[in-house]
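Read off the chains here:
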Amino acid sequence: MAENINSRQSHIRNFSIIAHIDHGKSTLADRILEATQALTKREMKEQTLDAMDLERERGITIKLNAVELTYKAPDGETYIFHLIDTPGHVDFSYEVSRSLAACEGALLVVDAAQGVEAQTLANVYLALENNLEVIPVINKIDLPNADPDRVKKEIEDVIGLDASEAVLASAKTGIGTDEILKQIIEKIPAPQGDPDAPLRALIFDSLYDSYRGVVVYVRIVDGTVKVGDRIRMMASGKTFEVTEVGVSTPKIEARDRLSVGDVGFLTASIKSVHDTRVGDTVTHADRPAAAPLPGYRRMNPMVYCGLYPIDTARYNDLREALGRLELNDAALQYEPETSEALGFGFRCGFLGLLHMDIVQERLEREFNIDLIATAPSVIYKVGLTDGSTVSVGNPSEMPERKFIAEVEEPFVKATIMTPNDYVGAIMELCQKKRGEFKNMEYLDENRTNVIYDLPLSEIMYDFFDSLKSSTKGYASLDYEMNGYKAGDLVKMDILLNGERVDALSVIVHKEFAFDRGKAIVEKLKELIPRQQFEVPIQAAIGQKVIARSTIKALRKNVLAKCYGGDVSRKRKLLEKQKEGKKRMKAVGSVEVPQEAFMAVFKMSQDD
Amino acid sequence: MTRGAYIHIPFCDHICFYCDFNKVFIKNQPVDDYLLALDREMAHYASMGPAKTIYIGGGTPTALDEEQFERMLDSADRHFMHSGIEEFTVEANPESMTDEKLCLMKKYGVTRLSIGVQSFDDGLLKAIGRAHGAEDAKEAVRRAEDSGFDNVTLDLMFALPGQTETSLQESLEAAAALGTPHVSIYSLQIEPKTIFFNRMKSGKLRLPGEDIEADMYGRIIFELEKHGLHQYEISNFAKSGYEGIHNSLYWHNEEYYGIGAGAHGYVDGRRYANAGPIKKYIGLVAERGYSETLSHEVTSREKMEEEMFLGLRLLKGVSKKRFQEKTGRPIKSIYGEQIERLKAQGLLKESGDRVALTKKGVFLGNNAFEAFLLS
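Chains as they are written, first to last, in my numbering: chain A, 1 to 607; chain B, 608 to 982.
It is worth saying that the hints were derived from the structure and are not from the lab. Be aware that a few hints might be false.
Unchecked claim - Listed below are several chain A residues computed to face chain B (Cβ distance under 7 Å; list not exhaustive): (1) 353; (2) 379; (3) 474; (4) 555; (5) 556; (6) 557; (7) 560; (8) 565; (9) 576; (10) 579.
We put the CB at the ideal spot given by N, CA and C, even for glycine.
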């Protein structure tokens, strides 16, 4: 038995694919699935690993997937591959780090034309930190502008990896797939670990299934787990009885056990993903491991916004929908809140803006709830004059200025990788965004890493767009949280028709308040349609109005066209108008469209 | 007998830049076959009961040659003419309204001419694709009167690209000077499948904004009222006794036959639309005597809605008594809340039996009409 397990263990290869968006990760995964005949051609849907519609549309992976593949190598041996997919966005970098921790190796996929990007770099460093064997793959070599030699040199100069054996591939046409499989076997070490030691399994993902409860994806580091075992989550302390173990091939296949090196799932009648936090260690309740696996960190929301149903009658539907999403999304937080302008809703916490967008979109699409989202806000730490500190994630709840001693805001360490030509433009941009210069690293003769400390709120606001436009899209950005710093921050209120609209309040740096205020009132003027009366829009700090604009009264809205006897056209026009109003929220006496609430936040560079 | 008969002539000898009606260039079209089909379709509807009004519109009815024009009039005459006919209107364009056609219309008992003028500004007429000049239009009106037509209406347009308030003022004055007892004035709507629509999409069309449009509309009402043409509908002005009878059927939510390619009708509680393409129209009529391709049984909810959003277009508004007679429900039991709200907003007024738009409501009609949709 032990002999068997050891032999099996030596034939396991666990790996991830690291790639920048669009560099071809999903296509390569498809080729590997095909080569191992995990799926017949007929079963292949393009890009099998990206399961949610949203993921397909956005071309990114949000939820992880792990598959077990059986590969008959040309040497006659049969290998077990576990391919663990990683989310492709900085919002989910902790999940990336845990799925990398579940592997011994990684394929680094770099576009043969575009070269190494900042996001890729960040993930490669994560992989190297986790002692992964990294296999460079230069993809899309069949493109006319491919320059594999330059990209090889980049991989060596920028990352410091030996790229002499980098695979030249085209995941689209299948060039290089065999070589990739060969290198996986030769270069990636088999998993270490003691099958007889107490169980230690790393949770790298979990999802809620309405029939089976939470499906926990684990990598077995030590020991063995089987159906009927009493298990304990070492961080949460919760215990469960295992009802099922298995792997995805990618079809779900039940197994009688998972042992060292295995990557698969277990279910144990677990009700909520909150009990199965990514990074936690699963052990046996009656024979626990002495210490959990390193690196567990509870993910905390970085960004908050208010979500309100446009139709107030759907508050309960929204609560239910959030509850359903939360079952499957341990990073999502929400609690009820009330807005004078919007009524009853929820303040929700997200890992980042993408996470926020995804949750909003799922609520609208899967649950059919028309939402108003307020502008996202970071969490401010507000020191009060009485010596206490409060956290403020909703700008309208900022205490009155006379009670505030100091406001601190979260900062990030931003690493911007750029062609040398744009260093000046980037420094100018960072300066404008209240950045603090930290460092500059010359990566090779063409590229530089510019490192700044930047307020998270500025990154959220329009930094990424500005960065792209001031570098013609060449610069790429990665960032990590870097503590709090005090700043001269104030709350700016927006008044419509003389009434403060709490849902439109924002926290701004005093120095930028005037410009932001002006931009916001102008944008709102554009977005809010004319009403039957004139509507003044004001931006104010405390009692002081710093910017204003006016929406003129609606003067003519009547169909004075000759339609003859065609009543259906008149009807359609009126129905369309009425439908449009349904997507607006009456704030006091003013009808405000959905998108206006985001306007205080989403403004392009030109505004 | 409350129905009207609308007869559509889908031919034009040129296409105006703003027009999205069902029409085609007359050249190389099977006009004679069309007129035959039209005759058959008239017979089909005439058998359902007489009409109290006849309205021949287009397209451009006067784009037909004289012989064809007479055949068209003859069909209408045979199928729908009777001693009790209350109004018989024909639309005419200045450049193709010949004296011969005027004579024919007189002969066949046409009582009212609707002349497509649009503007008395030559530059503007050219810019919207009209084939006539301001003088042609004035002359056409005089010729119509000389032929014995006293009931003449002019079609004018406003909010046209490049139109100034001065130009509009001049057109209003020219219309008033001609002294026709009726004027219709429509604001330009950019519709898909028009030349203007394409120009707008490529950013080449400069339209007056809402404020200028509102100023123009105010000026129109003021100027025409000054000359004794009172506003009786959002786009229609008349001296007392000259209000359009056929068009009023639409606003009173009454029934009408729709005859001809692309025409719309409302018969026995059903609204229908005829086949639009000429050949398809001719084929269908040959096959079964009529060309209806789409129809919809008006529900009682829709009937109430239409009673309101059509009826309120008339300045005299909706009669509460008639609403109840036609729908079987007291108006307040259906629309009490809406009426009160719109009154509070200053869009609606109520006096005696009538609910009507206020002056402000006339400018913001759609805001009021929308409130009466029940879904």
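Cross-check of the supplied hints:
no., hint, result
1, 353, "violated, 33 Å"
2, 379, "violated, 43 Å"
3, 474, "violated, 31 Å"
4, 555, "holds, 4 Å"
5, 556, "holds, 4 Å"
6, 557, "holds, 5 Å"
7, 560, "holds, 4 Å"
8, 565, "holds, 4 Å"
9, 576, "violated, 10 Å"
10, 579, "violated, 10 Å"
When each numbered hint is compared with the structure, violations occur for hints 1, 2, 3, 9 and 10.
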